[in-house]
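Novice: So the sequence shown is numbered by the UniProt record's numbering: it starts at 1 and just counts up by one.
Treat the hints with care, as some may be off.
[Said to hold, decoys possible] For each label pair, taking beta carbons as the anchor points, the in silico distance ranges come out as:
1. Asn43 <-> Ala294: 44 to 50 Å
2. Pro357 <-> Gly19: 36 to 42 Å
3. Asp329 <-> Gly19: 41 to 47 Å
4. Ala326 <-> Arg279: 40 to 46 Å
5. His344 <-> Leu54: 50 to 56 Å
6. Arg355 <-> Ile281: 23 to 29 Å
7. Arg133 <-> Arg318: 39 to 45 Å
8. Ala326 <-> Thr276: 42 to 48 Å
Quick caveat, the hints were computed from the structure, so don't treat them as lab data. Note that the Cβ used here is the ideal one computed from N, Cα and C, for glycine as well.
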Amino acid sequence: MNPTSHHQGSQRCGLDALGQFDEIVDVRTPAEYADDHIPGALNAPVLSNEERVLIGTMYAQESPFKATRLGAALVARHIAEYLETIFADRPRGWRPLIYCWRGGKRSGSMTAWFNLIGWKARQLDGGYKTWRRHVIDTLAERPAGLDCVVLTGPTGSGKTRLLQSLGAAGAQILDLEGLARHRGSLLGALPDRPQPSQRGFESALLQAIEALDPARPVFVEAESRRIGQLSLPETLLRAMHAGRCVRVRAALPQRIAFLLQDYAHLFEAPDDFGRTLERLIGLHSRQTIRDWQALIAAGRRAELFQALVETHYDPAYRRSSDSHYAGLDQAMTFDYDPTADDGHAQARALIAQLRVPA
1 MNPTSHHQGS
11 QRCGLDALGQ
21 FDEIVDVRTP
31 AEYADDHIPG
41 ALNAPVLSNE
51 ERVLIGTMYA
61 QESPFKATRL
71 GAALVARHIA
81 EYLETIFADR
91 PRGWRPLIYC
101 WRGGKRSGSM
111 TAWFNLIGWK
121 ARQLDGGYKT
131 WRRHVIDTLA
141 ERPAGLDCVV
151 LTGPTGSGKT
161 RLLQSLGAAG
171 AQILDLEGLA
181 RHRGSLLGAL
191 PDRPQPSQRG
201 FESALLQAIE
211 ALDPARPVFV
221 EAESRRIGQL
231 SLPETLLRAM
241 HAGRCVRVRA
251 ALPQRIAFLL
261 QDYAHLFEAP
271 DDFGRTLERL
281 IGLHSRQTIR
291 DWQALIAAGR
301 RAELFQALVE
311 THYDPAYRRS
321 SDSHYAGLDQ
331 AMTFDYDPTA
341 DDGHAQARAL
351 IAQLRVPA
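Could you put together the complete structure from these sequences and hints?
Specialist: Dropping the structure here:
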């Protein structure tokens, strides 16, 4: 990708100038911003969700001139409001980068007004579409250079907790489930934390990968192609499949105890939990699902998780995509207690065993 460079006297610049600005301002609608945005950008929409639909409909069905005139009035009102509120305290030398969908009238209007005031505002050439192309192109190439150390192991072995402890101990990590806001299994949805859009996930993933030192190994948890509703880039999957592997092993009682901690929120809505298990009909008989639902109703949590582990998760793990990992045959086994209080000490022990610089 060759983003347009900043030229003297121009009010436009490319992505290569991102680091030169004090703030990035996204003037698209709240809905566009929520779907995806440049990480760290502030949303100051010059049209609301409803106003953008109104202007678009008027442009197509009534008159481009009338739509443009009304749009200009609405944009001007919003800019005036922001000058008296969210931008009221910006200093004289403030340098904002402003973008909209494709670098058109919405960002151009705010850029022009800000420069008239005396701020050194610039408009992102090509707008969000330039950013999106950058994300796609970079994720198709950058992950190929990662030296992955992949944590494998069955459900309940505490791979995510170990990964986070490795990060706290100074190792490089890539927390894919954290970025995806999902644990990657049927029961993996997080309470009150919906998953981002695919585009939002990819922007966050790119930011995380660009922060990594390619000369150092990066620990990552084994994942299938999808985490909840989100898909991993093919280049990243190939890098993970080619990486070194560590088999994380935990005793069954520790795994059950860990799952009881980590999935306690499921029992706050037992009916929903029971209905979720019905999605396993086809893999398991209706009677098996009814038995599990009865354990939920009776509050027999440990029995339920042991049944799920032994009957569903462990057999699924043995059939899983871990077979795609080339380093699995030579993998080191690491005994781990996910319920212990010495998580950081255990992480440091793994770093020492692998001789990975932290």
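Novice: Now look at each hint and say whether the structure bears it out.
Specialist: Evaluation of the provided hints:
no. : hint                          : verdict
1   : Asn43 <-> Ala294: 44 to 50 Å  : holds (48 Å)
2   : Pro357 <-> Gly19: 36 to 42 Å  : violated (28 Å)
3   : Asp329 <-> Gly19: 41 to 47 Å  : holds (44 Å)
4   : Ala326 <-> Arg279: 40 to 46 Å : violated (32 Å)
5   : His344 <-> Leu54: 50 to 56 Å  : holds (55 Å)
6   : Arg355 <-> Ile281: 23 to 29 Å : violated (47 Å)
7   : Arg133 <-> Arg318: 39 to 45 Å : holds (41 Å)
8   : Ala326 <-> Thr276: 42 to 48 Å : violated (34 Å)
Checked against the numbered hints given earlier, the structure breaks hints 2, 4, 6 and 8 and satisfies all the rest.
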